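Q: Sequence:
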Amino acid sequence: MKEKDRRSKNASVTAAKSRGAEARGGRHEQGLPPAKGGPGTKTGPKAAAGGPPPKAAPRKSERPSVQESAPTRRIEPRSGEKPAERVPLILETAATAGYHLVDSGDGEKLEQYGPYRIVRPEAQALWPKALPASIWERADAVFTGDTEEDGMGRWRFPGEVLGETWPMQLLDTDFLGRFTSFRHVGVFPEQLAHWSWMRDQVAAAGRPLKVLNLFGYTGVASLIAAKAGAEVTHVDASKKAIGWARENQVLARAEKLPIRWICDDAMKFIQREERRGSRYDIILTDPPKFGRGPNGEVWQLFDHLAAMLDICREILSPDARGLVLTAYSIRASFYSIHELMRETMRGRGGRVESGELIIREGGLDGTAPGRALSTSLFSRWVPK
Numbered sequence: 001m002k003e004k005d006r007r008s009k010n011a012s013v014t015a016a017k018s019r020g021a022e023a024r025g026g027r028h029e030q031g032l033p034p035a036k037g038g039p040g041t042k043t044g045p046k047a048a049a050g051g052p053p054p055k056a057a058p059r060k061s062e063r064p065s066v067q068e069s070a071p072t073r074r075i076e077p078r079s080g081e082k083p084a085e086r087v088p089l090i091l092e093t094a095a096t097a098g099y100h101l102v103d104s105g106d107g108e109k110l111e112q113y114g115p116y117r118i119v120r121p122e123a124q125a126l127w128p129k130a131l132p133a134s135i136w137e138r139a140d141a142v143f144t145g146d147t148e149e150d151g152m153g154r155w156r157f158p159g160e161v162l163g164e165t166w167p168m169q170l171l172d173t174d175f176l177g178r179f180t181s182f183r184h185v186g187v188f189p190e191q192l193a194h195w196s197w198m199r200d201q202v203a204a205a206g207r208p209l210k211v212l213n214l215f216g217y218t219g220v221a222s223l224i225a226a227k228a229g230a231e232v233t234h235v236d237a238s239k240k241a242i243g244w245a246r247e248n249q250v251l252a253r254a255e256k257l258p259i260r261w262i263c264d265d266a267m268k269f270i271q272r273e274e275r276r277g278s279r280y281d282i283i284l285t286d287p288p289k290f291g292r293g294p295n296g297e298v299w300q301l302f303d304h305l306a307a308m309l310d311i312c313r314e315i316l317s318p319d320a321r322g323l324v325l326t327a328y329s330i331r332a333s334f335y336s337i338h339e340l341m342r343e344t345m346r347g348r349g350g351r352v353e354s355g356e357l358i359i360r361e362g363g364l365d366g367t368a369p370g371r372a373l374s375t376s377l378f379s380r381w382v383p384k
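If you count the sequence shown from 1, position 217 lands on 217 in the UniProt record's numbering, and the numbers rise without skipping.
Since the hints were derived computationally from the structure, they do not count as laboratory data.
Be a bit skeptical, because a hint or two may be false.
[To be verified] Simulated crosslink set (EDC-like; lysine to aspartate or glutamate; CA at most 16 Å straight-line):
no.: 1; residue 1: K268; residue 2: E314
no.: 2; residue 1: K210; residue 2: D200
no.: 3; residue 1: K210; residue 2: E231
As the structure is a prediction and not an experimental result, all values here were calculated from the model.
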């Protein structure tokens with residue numbers, strides 16, 4: 001961990017690094033701090049009298065070209081029976097050594113991330129808090145400011161001002177937590193349900209499975225898969241996210257594990273893989289509602305999700321173990337992505353299981369099961 005900043009105990013600091021508009025291809029992000037002169041940047045005259053006038057905006061012809069959308073794909077109807085189904089399936093993240101949900105309510109959640117207790121906004125926590133205010137007030141870090149999913153914000157440290165990063169461990173994998181200006185901390189613990197399933201599949205395969213992690217963010221899932229014996233391809237559109245993932249690889253002492261870190265637009269990458277005839281045994285895909293690729297490619301979930309899954313089916317190996325889709329912050333039922341997954345996998349057999357990922361409150365020590373907090377929708381195809 002970086003040495004703690006000894007500034008005033010009640011200082012409020014802006015986190016140094018955000019996930020970025022393209023982090024993981026952008027799950028919640030949609031917002032690196034705008035470039036100078038870019039959308040949302042204050043470009044008005046300086047407040048001081050006599051200050052230099054603002055620079056003129058570049059002419060349209062001087063602006064960098066931006067691809068307006070992901071490459072189009074014609075989706076042909078598939079024949080054969082739809083896979084069997086299992087709905088609703090609720091996958092729960094209970095307390096672990098590295099994480100647990102302490103309490104929630106009144107639009108907030110109190111979580112234990114390794115050594116730190118953290119308060120963050122949570123719109124789905126509609127009920128009152130179960131623990132007294134004195135517990136919440138002793139949190140190590142509190143996210144304040146804009147509570148919108150895509151909004152910028154600040155961290156307040158009621159006690160000592162903490163460093164930007166701190167060591168974490170989940171499923172025997174070390175990585176860095178980080179206070180970002182988008183209220184995220186570098187890991188989404190509800191995904192432990194998928195990661196545990198993936199690790200079990202890799203360990204039981206009897207051969208090195210090939211895992212593709214699309215919108216891979218900080219690489220925790222990639223590291224877990226590689227440590228279990230998989231050959232991993234990790235794809236994210238954000239250079240910052242890839243850099244963070246490589247930091248995690250060093251912290252996990254996993255530099256020699258077979259992981260390809262690729263900074264690229266997810267749709268372009270899988271289209272190339274389809275043309276190359278590449279095949280994967282497990283595909284994890286965790287797309288955002290909206291995001292941008294490294295060259296300005298635009299991702300819109302409702303416009304591009306069907307095409308993405310269609311390509312993912314084509315690059316699954318004949319002996320594939322699963323295709324996992326997680327969807328956050330969308331105005332849809334899990335049945336929407338469930339039926340899309342069944343249509344995508346029509347004629348492939350197997351089963352599609354869909355529902356929600358939840359986190360169960362565990363109280364102060366993680367041993368007192370409480371209310372369930374819903375975090376996201378998912379759909380997962382498995383061969384049997």
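Q: Does each hint hold? Answer for all of them.
A: Here is what the structure says about each hint:
no.: 1; hint: K268 - E314; in the structure: holds (14 Å)
no.: 2; hint: K210 - D200; in the structure: holds (14 Å)
no.: 3; hint: K210 - E231; in the structure: holds (5 Å)
In this structure, every one of the numbered hints holds.
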